[in-house]
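There are 2 protein chains.
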Amino acid sequence: MDYYVSRRVNLLRDCKGDGVDGLLITHPTNVRYLTGFTGSSGAVVLSSKLTILISDARYEEQIKEECKGVDAHIRPHTKTLPDAMAEVLAKSGLKNVGVEADHLSVSGLAGLQEKAAKLTFAPLSGKVEHLRVVKDPSELEQIKTAISVAERAFRMFVALMKETDTEKDLADAMEMYIRRAGGMRSSFAPIVATGERSALPHAVPTSRTVGESSKVLVDWGADVGYKSDLTRTLKSPFPTPPLRKTKDERTAYNFDAVYEAVRQAHEAAVKELRAGAQVKDIDAAARKALTKHSPRGVDLNDHFTHGLGHGIGLETHEAPQIRQNSETVLEVGSVVTIEPGVYLPGWGGVRIEDDYQITKDGAIRLTTLPHDPGAIG
Amino acid sequence: MDYYVSRRVNLLRDCKGDGVDGLLITHPTNVRYLTGFTGSSGAVVLSSKLTILISDARYEEQIKEECKGVDAHIRPHTKTLPDAMAEVLAKSGLKNVGVEADHLSVSGLAGLQEKAAKLTFAPLSGKVEHLRVVKDPSELEQIKTAISVAERAFRMFVALMKETDTEKDLADAMEMYIRRAGGMRSSFAPIVATGERSALPHAVPTSRTVGESSKVLVDWGADVGYKSDLTRTLKSPFPTPPLRKTKDERTAYNFDAVYEAVRQAHEAAVKELRAGAQVKDIDAAARKALTKHSPRGVDLNDHFTHGLGHGIGLETHEAPQIRQNSETVLEVGSVVTIEPGVYLPGWGGVRIEDDYQITKDGAIRLTTLPHDPGAIG
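Protein chains in written order, with the numbering used here: chain A, 943 to 1319; chain B, 943 to 1319.
One chain only, chain A, in its complex shape (with noise of 0.2 Å):
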C-alpha cells in the first residue's frame, strides 16, 4: 500500500469515533500529506469509498503526475474553490462532513453551510497533524535530505564569508548556497544576525558588517518538500585589535562562558529525549542545566525566552512543541529540534539547534555540523 493511501485510511480509522462519514480537507500542507499534491489551490473530498481532490486548470497535469488514486475534479476559472467544494460535497451522498476546525476560516465554513445546506458540518482538531507527527521512512529520508542540503550550505556560508558582508549580504548568499547544494529554497528566511542584533531571537537582516561584530547567529533550514532547520552561532573569525573591541565585546558577558551554558542545556535535554517522555520534562532539563552552568551574577534561563524546540517536517514549525507548558508525551519517529537559547539585551545571543529522530530508547541526532564553532569549516 503506498504511503498516500495508508495515510488516508489512517485518517479515516482515526475520525471513526466523531460521527461524521466523511471529511473535507482544506489546509494545502495536509491535502499534500493525503495526496502528495504539491499546487497552491486545492482540497480533498475523503471518505471510506472516495478521494476526489478540487483543484483548478492551472493544477490539472500536475496532479496527473503527483496523485496517483485520486480523482480530481477540476473546477472551471468562473466558480470559485468554496463552490467546486459544496458542489461536490453536494453529490457526495456524505450527510455529516468533518472540518478542519484549526484552519478553515469562520467564514468558510459559514459560506460551505450556505451552499451546502443538506449536509452538516462537524469541527474537528489536528486530526492530519496528529499523523504526521510520527514520520514514515519516506519522510525520515526527506527530512535527512534537507539537513544534508543546509549542512552543505553552511559549509560555503562559512568559507566564503568575508568582513565587509552585511547581514543581508549573508542571508541572501545564504539562500544561494541552500539552492546550490540542491534546495527548491529555504525552509524560511535565513536569519543572519550579528553582535548584540543576535539578542533578537527573529532579527531580521540588516545593512551591518560581520567585522563590526564579535559573533554572529545564524538560524537557517533547507526546504526539498520536507524541511530543516538548525541554528549555529559563530565567535567572528575578523577578529578585532584589542583597543577597538566592538560594541558586544565591551559588555559584562564572557561569549564562550555563555557558549558552554547553552550547549550543556542543548545535552541535559538531548538526554532526556526518548518516546514516552513528556515534553515539558525535557524543556525543564534544559533550564536546570541553564541555570547550574550560567556565569556568576545571572541566571541565564531567565533570558531563555521561547520554548525548547518543535517538530519538523513538511512544515517548518509542526507538532509536537516542546515546551514548559503542555502535556504532550513524545512518540516514536518524531522528528523535533533542540534549541535553547540565551538573549542579553546589549551582549547579544546564543542558540545552538539541531535536529533529532525520536526512537524507543533516545534519540538519533540528524544533524552532523559540529557544536563546537571553532571547528566548523
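Any given hint might turn out to be false.
Just so you know, same-sequence chains aren't split out, so a pair can sit in one copy or run between any two.
[What the hints assert, rightly or not] Simulated pairs of lysine-lysine, DSS-like, Cα-Cα distance not exceeding 30 Å:
no.: 1; residue 1: K1060; residue 2: K1033
no.: 2; residue 1: K1006; residue 2: K1110
no.: 3; residue 1: K1021; residue 2: K1230
no.: 4; residue 1: K1021; residue 2: K1213
no.: 5; residue 1: K958; residue 2: K1057
no.: 6; residue 1: K1057; residue 2: K1110
no.: 7; residue 1: K1110; residue 2: K1086
no.: 8; residue 1: K1060; residue 2: K958
no.: 9; residue 1: K1006; residue 2: K1302
no.: 10; residue 1: K1033; residue 2: K1110
no.: 11; residue 1: K1010; residue 2: K1110
no.: 12; residue 1: K1104; residue 2: K1037
no.: 13; residue 1: K1234; residue 2: K1021
no.: 14; residue 1: K1086; residue 2: K1302
Treat the hints as calculated values from the structure; they're not laboratory data.
Start from chain A and add chain B according to the hints.
This is chain B only, laid out in the frame that chain A set:
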C-alpha cells in the same frame, strides 16, 4: 496624522454600522497594515480608546522600533497567543468584538468564546482588505520600488541567461538578482517554464535547459515589504538549426501570432481600465480581443483559463480580483495586474503581465519593460 493612525481611524469608521465596540485583528498582513509591525506572531485589539498589539518577547525590541503610538502587550512564552488575546480582551472593557471571519479559524473563534466568556464576538468580512484596495502615497511608492527592483533583476536575468541553464538554475538566479537589486526576496517563487512546459500556468522549475526549447515564460516579482508581480514570455535567444526543431516548435502554432493576440488582449483590457469600471467588463474586453486576434482555426479565449488580474500590495494577490463573475467596480488608487495568458497543451503558453495604478480617467502603467520580447535586454 500618520498613515497607520489614519488607517485605524478609517477602519473603526467602516465598522460603525456593525454593532461592535472594538475589533480583534489576527491576520498578520492586516496587523502590519494597521500598526507597521512586520513580525510573524501578533494580534491587535482596537477600539476608539485603545490600540494594543499582542506579541511575544522575540519581538519586544522590534515593536518599539516599528510601532509608534501602539501599546504592546508582550506575552510570556508560557502563554499562547490565544490565551493572551483572551486576557487583553477581558481587561479591555469591550463587550462585542468584531473578529476577522475570513482569517480566524473555526477553532480559534471557539477558543476565544470559551476563554473570554463574558464577551460576544461578531464575525466581520473583508473590512481591512477593503481599506487596502486604495493605496496611499507611501504604499504606491513602495510598490513602485518593488517594480523597479523586479525590472532590474529581469534585465540581469536576460543578460546572463545561457543555453545550458536549467529552469531551476534560472529561477534560483532570478531570486538572487531580485535580492541583489535591493529586494528583500521574491514576492513568490519565480516561475521559469520552457517550451511546452509554459502551458502549465504554475509550473515548478525543472532540470530542463533553456537551450532545449524555443520559448521561456518568466513570472516573477520583488518583495520590498510591498510586492510587484510581472510576466514576460521570451523567444529563446538560442535558435536551433531548422532541421533540429525543438519539441514545442513541431506543433501547429506560430509564436509571433499567439504572442500578438495576447498583446492585443492586454492592450484592450488596459483601454477599459479606469475608476468606476466594472472588473467583469475589463475581463470581457481582453477575452473579446483574444478571440478577434486568434490565428485561424483556434479561439485562443478557450485557452485563457484564469482571471485577468488582481490587486497587489502587501500581498501578491489581494483585492480587487479582475474576473468574469464579479460585480466589483474599480476605485481610484488601486494597483492591479493585467495578465492575459493562453495555454496550448503540447505547444506552451504566452502570458504578458504588467502592474497598473487606477486613476479617475484611466490607468498608469507602472511597469516599464517593453512588451516586445525582442526589445528586452
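Of the numbered hints stated previously, which ones are contradicted by the structure, given in increasing order?
-> 6, 9, 10 and 12
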